[in-house]
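Chains W and V supply the protein sequences, listed in that same order. Taking this note's numbering, the leading residue of the first sequence gets 1, the next gets one more, and so forth. Taking this note's numbering, the leading residue of the second sequence gets 1, the next gets one more, and so forth.
Hints in this document: simulated from the structure, not taken from any laboratory. Mixed in with the good hints, there may be bad ones.
Stated by the list, open to error - Which chain V residues face chain W? A few, computed with CB under 10 Å, are given here: (1) 12; (2) 15; (3) 90; (4) 95; (5) 340.
Small disclaimer: the values here were computed from a predicted structure and weren't measured. Glycine included, C-beta positions come from ideal geometry on N, C-alpha and C.
Now for the letters of each chain:
2 protein chains.
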Amino acid sequence: MSSYPVRPSPSGSTARAIVLDERALPRRWYNVAADMPRLPEPPLHPATGKPVTPEDLAPIFPRSLIEQEMTTERWIEIPEPVLDIYRLWRPTPLYRAIRLEQALRTPARIYYKYEGTSPAGSHKPNTAVAQAYYNQQEGIRRLATETGAGQWGSALAFACAQFGLACTVYMVKVSYHQKPYRRSLMQVWGAEVHASPTSLTQAGRKVLAESPDSPGSLGIAISEAVEDAATHPDTNYSLGSVLNHVLLHQTVIGLEAREQLALVGEYPDVVIGCVGGGSNFGGLAFPFLMDRLQGRRQVEVLAVEPTACPTLTKGKLRYDFGDTAGLTPLLHMYTLGHTFVPPGIHAGGLRYHGDSPLISRLYEDGLIGARAYPQRAVFEAAIQFARTEGLLPAPESAHAVRAAIDEAVRAREEGLERVILFGLSGHGHFDLGAYDAYLAGQLEDYEYPAELVEQALAALPELPR
Amino acid sequence: MSSYPVRPSPSGSTARAIVLDERALPRRWYNVAADMPRLPEPPLHPATGKPVTPEDLAPIFPRSLIEQEMTTERWIEIPEPVLDIYRLWRPTPLYRAIRLEQALRTPARIYYKYEGTSPAGSHKPNTAVAQAYYNQQEGIRRLATETGAGQWGSALAFACAQFGLACTVYMVKVSYHQKPYRRSLMQVWGAEVHASPTSLTQAGRKVLAESPDSPGSLGIAISEAVEDAATHPDTNYSLGSVLNHVLLHQTVIGLEAREQLALVGEYPDVVIGCVGGGSNFGGLAFPFLMDRLQGRRQVEVLAVEPTACPTLTKGKLRYDFGDTAGLTPLLHMYTLGHTFVPPGIHAGGLRYHGDSPLISRLYEDGLIGARAYPQRAVFEAAIQFARTEGLLPAPESAHAVRAAIDEAVRAREEGLERVILFGLSGHGHFDLGAYDAYLAGQLEDYEYPAELVEQALAALPELPR
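Work out the full structure, taking the sequences as your base and the hints as a guide.
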């Protein structure tokens, strides 16, 4: 029990939870493309090197999502049936981390937006539900996707169950066997889950022919899911991060948080999120960046990534493939090279070689800051958080916790009354093996070497810019 | 997507979530003993057969909890520091199960109180926090307890972390090895977790001497924890269910639910909860029973248990030991006999041989109803719930889901617009192995035979009543 005083918010509040009634659910998603000084370069067709057209994408995505991928409209209406599912867990709570503040003896006020109350336990259902809805509206009967540890697959399985769609998940084989619980969760929601590589697709059969014992990879699983969608007219493909429409759907996070902070008279000095493909980070940060881009506020925005997968802090902005196999359209993004093989860090959701083109451009233009942490410092922060605030963060989200604690300590050292907002994008209930390894002293830090990035990028085919 | 109409509540609401501001947190616990037509018989000292005195309990419990165990005061003030921790997750949400209603095409309105948002994922912290507080106030430095699968141990570990107490958990050895994740969770919160039997206590050493490979049992773990507390002056013992003060602390659940239902103009026709030792059930039901006992309302109250451990539906009311080893005070309760060995059903929290004396007396007096379900019907209900409402129920809580669905179907068949409230006492994120077994068709139903109860009770020593 700390005697460190609780500092009231500007409105005089010392409330811990700032809850919104479901009537306060945002009715529109915010599209940051409307306010960016420079838009991202367009995706290119891998065969022609020309910008991808809506027709190119039609075999695997519904028309409405292709439109959302390309639009610069500022606000996109959220359809009523999507809101209806959002109400199953949204608005999510915004908490003030009073007990963490006291433990740190910081004059900063720390807030966090908690997305772990969703059925799947992370922010991922925000877009899964929207994608399932639009696909169902356009007559699609089944969605195919890939998943690594299972965060995204379980979100899509949940969403498909809500709209009566079938769901096929290609789960990386090694995770399928090592992490059976998220697989079970997908099956509870009715999804069909295959250990990838499978013999169901040409891509899978090719891999199995060459190496029958392949443990699989996210790259292989993507190829299988895309092929499944492209070869079945009633089936589309669904992706959980990176793309513009995915980040768009996630902006409900930041829109709610902005509203909740306003209720206690607050506006953040800094907004912090962990970044893998960028959907959690963009979802939280874009509605605040909007204020900055429109000249209303001077908020700082900080993306946090692992030193083991330092896409923003060590990668380069250029065209690269979205998948390991090199089959997808070329995206203009910060990348470590699509041949990047991440070391076995435990924040599976942050192991992607690239970063959303929207975030990449904003970072290049100096509108977003970035910082990388080694995993032990991240778990240390997660445990300090769990012991003060109670909740167990997902290892991904714990990167944001680490940065928030460091910012709060700096505020103490500098005697500044800063307002810190971070995203707690999910709970760690399926990640206790990683906590176990940390507590047993079995985790090692790893800095991905810049030379490997240079080599991987040098090996890329010649491409514009 | 069902087109079945959503029926507004009496206040005209079709809201899904009924959330309370933290200012609406109950300030007092409700003590049902104040309103019972007949009090339970007192606990007896196992050696003397005389009612247990406060002095008998002082070596392992703090004075304030002993007082709460024995009082008939109607309302007990919740101390401010306990409220302060409750605010980490309370008030918990009350949801209306609109999508489940639609799937069932029932005219009933179904509400559920969700306790899975607590840090430990169940209702258990409601009492763990209070117990940690009172112990710390009386100068205790450490709490010892037992845990089976880990629900209670993790709740107490969390609570101790909040008050700077050390926490020692004796975890049944077979669970310690088979379910390492809840163990990790306890360690994240700073608890010391031992696989019981240990060589740290006389009780443990005795077991190990006789059978070095003992898988442990809850009975052994209780003996170890009690001995640890009794032999260390700075250490007390803490129990997660059955006792009066435990149920008292849980009444925040029902008090909040009553308030939340009133916000939409509702009062339940039936309140449903799963029952193991009784803390979840009592916590939800007692504040509604209060209305009935005080003559204000005619609410029906239904306790749900597994057919594999049918304490209320097949057990007998009589004095029996609280633990398997026969060392605790004798409690007057419905029991299957303390030698009961539960078959391997997956709802670990419902495998206790006895039932809280308060609930036992209320059941005997016809104020509570009871029903038992086999486990496959329970998992079937859990999956229907997960696919419509999203959340994954703990297998214990799924017993209440089963009964609520059956009540809603009956309402449809009888054309009755009933209001059903049930308790969703925890999430199933640590129980996916059980879901997996169900989906794979590996679960079997089991009816505990009445003859075994007769035999076990006949073997009990001669005791009053």
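Verification of the supplied hints:
| no. | hint | in the structure |
| --- | --- | --- |
| 1 | 12 | 13 Å, violated |
| 2 | 15 | 6 Å, holds |
| 3 | 90 | 9 Å, holds |
| 4 | 95 | 8 Å, holds |
| 5 | 340 | 30 Å, violated |
Comparing the model with each earlier hint shows violations of hints 1, 5; every other hint is respected.
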